[in-house]
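Undergrad: Below, each chain spelled out in residue letters.
There are 2 protein chains.
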Amino acid sequence: MSDSTQNMGEFELIGRFADVLGTDLPPEIVVGIGDDCAVARRGTDFDVYTTDTVVDGVHFRRGQIPWFDLGWKSVAVNLSDIAAMGARPLHCLVTLGVPEYVTGDELAELYRGMAAVTAEHGGTIVGGDIVRASELFITVSAVGTIAGASGSEDGLPALLRSAAVPGDLIAVTGDVGSAAGGLKSLEDGLASDREALMERLYRPTPRFTAGLALAAAGVRCAIDISDGLIADLGHICKASGVSATIRAADVPVSPLLKEAYPDTWTELALSGGEDYELLFTGPAELIDGARDAVEVPITVIGEIGESNGIPDVSVLDGNGRPIPIGARGWDHLRP
Amino acid sequence: MSDSTQNMGEFELIGRFADVLGTDLPPEIVVGIGDDCAVARRGTDFDVYTTDTVVDGVHFRRGQIPWFDLGWKSVAVNLSDIAAMGARPLHCLVTLGVPEYVTGDELAELYRGMAAVTAEHGGTIVGGDIVRASELFITVSAVGTIAGASGSEDGLPALLRSAAVPGDLIAVTGDVGSAAGGLKSLEDGLASDREALMERLYRPTPRFTAGLALAAAGVRCAIDISDGLIADLGHICKASGVSATIRAADVPVSPLLKEAYPDTWTELALSGGEDYELLFTGPAELIDGARDAVEVPITVIGEIGESNGIPDVSVLDGNGRPIPIGARGWDHLRP
Numbered sequence: 001m002s003d004s005t006q007n008m009g010e011f012e013l014i015g016r017f018a019d020v021l022g023t024d025l026p027p028e029i030v031v032g033i034g035d036d037c038a039v040a041r042r043g044t045d046f047d048v049y050t051t052d053t054v055v056d057g058v059h060f061r062r063g064q065i066p067w068f069d070l071g072w073k074s075v076a077v078n079l080s081d082i083a084a085m086g087a088r089p090l091h092c093l094v095t096l097g098v099p100e101y102v103t104g105d106e107l108a109e110l111y112r113g114m115a116a117v118t119a120e121h122g123g124t125i126v127g128g129d130i131v132r133a134s135e136l137f138i139t140v141s142a143v144g145t146i147a148g149a150s151g152s153e154d155g156l157p158a159l160l161r162s163a164a165v166p167g168d169l170i171a172v173t174g175d176v177g178s179a180a181g182g183l184k185s186l187e188d189g190l191a192s193d194r195e196a197l198m199e200r201l202y203r204p205t206p207r208f209t210a211g212l213a214l215a216a217a218g219v220r221c222a223i224d225i226s227d228g229l230i231a232d233l234g235h236i237c238k239a240s241g242v243s244a245t246i247r248a249a250d251v252p253v254s255p256l257l258k259e260a261y262p263d264t265w266t267e268l269a270l271s272g273g274e275d276y277e278l279l280f281t282g283p284a285e286l287i288d289g290a291r292d293a294v295e296v297p298i299t300v301i302g303e304i305g306e307s308n309g310i311p312d313v314s315v316l317d318g319n320g321r322p323i324p325i326g327a328r329g330w331d332h333l334r335p
Numbered sequence: 336m337s338d339s340t341q342n343m344g345e346f347e348l349i350g351r352f353a354d355v356l357g358t359d360l361p362p363e364i365v366v367g368i369g370d371d372c373a374v375a376r377r378g379t380d381f382d383v384y385t386t387d388t389v390v391d392g393v394h395f396r397r398g399q400i401p402w403f404d405l406g407w408k409s410v411a412v413n414l415s416d417i418a419a420m421g422a423r424p425l426h427c428l429v430t431l432g433v434p435e436y437v438t439g440d441e442l443a444e445l446y447r448g449m450a451a452v453t454a455e456h457g458g459t460i461v462g463g464d465i466v467r468a469s470e471l472f473i474t475v476s477a478v479g480t481i482a483g484a485s486g487s488e489d490g491l492p493a494l495l496r497s498a499a500v501p502g503d504l505i506a507v508t509g510d511v512g513s514a515a516g517g518l519k520s521l522e523d524g525l526a527s528d529r530e531a532l533m534e535r536l537y538r539p540t541p542r543f544t545a546g547l548a549l550a551a552a553g554v555r556c557a558i559d560i561s562d563g564l565i566a567d568l569g570h571i572c573k574a575s576g577v578s579a580t581i582r583a584a585d586v587p588v589s590p591l592l593k594e595a596y597p598d599t600w601t602e603l604a605l606s607g608g609e610d611y612e613l614l615f616t617g618p619a620e621l622i623d624g625a626r627d628a629v630e631v632p633i634t635v636i637g638e639i640g641e642s643n644g645i646p647d648v649s650v651l652d653g654n655g656r657p658i659p660i661g662a663r664g665w666d667h668l669r670p
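In the order they appear, the protein sequences are chains Z and C. Counting in the working numbering, the final residue of the first sequence is number 335, and the numbers go up one at a time with none missing. Counting in the working numbering, the final residue of the second sequence is number 670, and the numbers go up one at a time with none missing.
Don't read these hints as lab results, they were simulated from the structure. If you're wondering where the values come from, they're calculated on a predicted model, not measured in any experiment. The reader is advised that the hints may include incorrect statements.
To be verified - Taking beta-carbon pairs under 10 Å as the criterion, some of the chain Z residues facing chain C (in silico):
no.	residue
1	Val55
2	Val58
3	Gln64
4	Pro66
5	Leu96
6	Thr103
7	Ala115
8	Leu183
9	Ala284
C-beta atoms are modelled at their ideal positions from N, C-alpha and C, and glycine is treated no differently.
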């Protein structure tokens, strides 16, 4: 079939989706398909919506990730999208597609992991659905909210992918590449020796404190790092119509990752996904203003520039020379 | 594995889910897992949440239901849950698990069906996710809202499964059994001759006007008929701790269904699912008060009584004698 979706990536499929569904949105929809969350005006506040699905064999491997961690992560990645909007979480819905070989004890562990992340970070699970399926899948939908601020320019004090402007600094929370280090440890059969990296892969922390503090400080552009630093910075550039330059040497990396992968940690930090740290842009004084309110370090790694065509993202080495960019993150629908 | 979920039905699996996740709900959750929607207090209003998933080969057969109708129905069944709470729809999120053999044109038709039902009934689709999967599945999550009423006893003017009381009349909107007639026509290879029944199966109408009018009139108990009249009445009895008696001869059935299935229409009307009409209970004067505001006929079919053990639901024939109840609707996780 020439029209088969076999060779379409996720972004292309979502584009088709947006073509049909994204037109004629009612005026209360402030942000439609294409950011971390959709945003809908709700009285004087704004509600944000997101959903994310993981499928066995595509996004994880059953029997590899512990059931508790699978529950934690499947909810945490949705909460992370809400954090990346500068919103606070309200509620989640959970849908499970359950093959018959899954046991009741495994499901209970999965639920416990889900309950643990919402107990720690908010976003109570209020309902869901369970269906029979031939492969295990987990769909989580999450709703959050942003208090309206009359002070903000457009009344929407959210963090958007589309709000980067030339002259902004580029910064990240925490450190990046550790989740990719966990994935690599798994592939290398070293998972049991590298618990700290595995925890970064399996139990990401939604950065609510950071997101709320950044939004309160007046920062307006952010994304959570799920596809990888370069790929997600590319999403910001595309949505904002700008370019970006980062300095590889300034990208924050944990000592653990450097020790585990002394030769490849730069690549893991630049292209590895699933860290769920916040990548954001803004004037230096606003970023500095948020620093004290954030529980993790904030590191400036580059600057936003005018759009200068493709590639949008340039990475400079320690001598200011461009590093060729290979893998730009991952698109999990591609074969 | 003795603990395999192989022989667990949907209701048992959801029960385990509720055991882990349903404890320690924060005070703003007014209704948790177990009704058509969860209900969360939101300022002076109440928000309702629901999600529903369909899987190819379990809930529908690809190639049998037109793609447009599959899109319509997968969204409509969620909107129906919101209608059954007496709420109005706000927004939906849509997740697709897409095998490679699905074509772009098929997806576009699916999206058009989704857009058509929200254009007609509300609940704008604001976002979603698309993932690769080996079998097609569609998960829709929907949010609605109920305006708080200081006049209502508990401040929650919703329609709940748990609010039936002895002495209530039992009533339904529209007619029942036609969707099951459509399904039977399909099995009998007569789908092309029975468009009206097929439309009832494939393009159900969420009963928002009825749900809002019933709630405004003071009715407090309803469910939408998805599993079948007897099965869904059983859900009300279980949640409310009551029994129910209905008169088979009073159950409203379309002339089309009677013509198509002159020998089995009673069975289809009592046990067939997927009509998505509202089944509700209340005092006669409240039901009469809502009649004029509802776009479809309302028919009283029986009464709620004190709990008298199992079976909770009795069906009487034209002479007032009990009819033995066989199939009590369907539980789609059972083999």
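Undergrad: Now tell me, hint by hint, if it's right for this structure.
TA: Going down the list of hints, with the structure as the test:
For Val55 (chain Z), the interface hint holds, since its Cβ comes within 10 Å of a Cβ in chain C; the closest pair sits about 5 Å apart. Taken as an interface hint, Val58 (chain Z) checks out: its beta carbon lies about 5 Å from the nearest beta carbon of chain C, inside 10 Å. With 10 Å as the threshold, the beta carbon of Gln64 (chain Z) stays out of range of chain C, its nearest partner Cβ sitting at about 18 Å, so the hint is violated. Using the Cβ-Cβ criterion of 10 Å, the hint placing Pro66 (chain Z) at the interface with chain C is not satisfied: the shortest such distance is roughly 16 Å.
With 10 Å as the threshold, the beta carbon of Leu96 (chain Z) comes within range of chain C, its nearest partner Cβ sitting at about 8 Å, so the hint holds. Below 10 Å, beta-carbon pairs count as interface contacts, and Thr103 (chain Z) has one with chain C at about 4 Å; its hint therefore holds. Annotation: interface hint on Ala115 (chain Z) holds; nearest CB of chain C at approximately 6 Å, less than 10 Å. Interface hint at Leu183 (chain Z): violated, since its Cβ lies 18 Å from the closest Cβ of chain C, which is beyond the 10 Å cut-off.
Given hint, Ala284 (chain Z) at the interface with chain C, is violated; its Cβ is 33 Å from that chain's nearest Cβ, farther than 10 Å.
Hint check: violations occur at hints 3, 4, 8 and 9; the rest are consistent with the structure.
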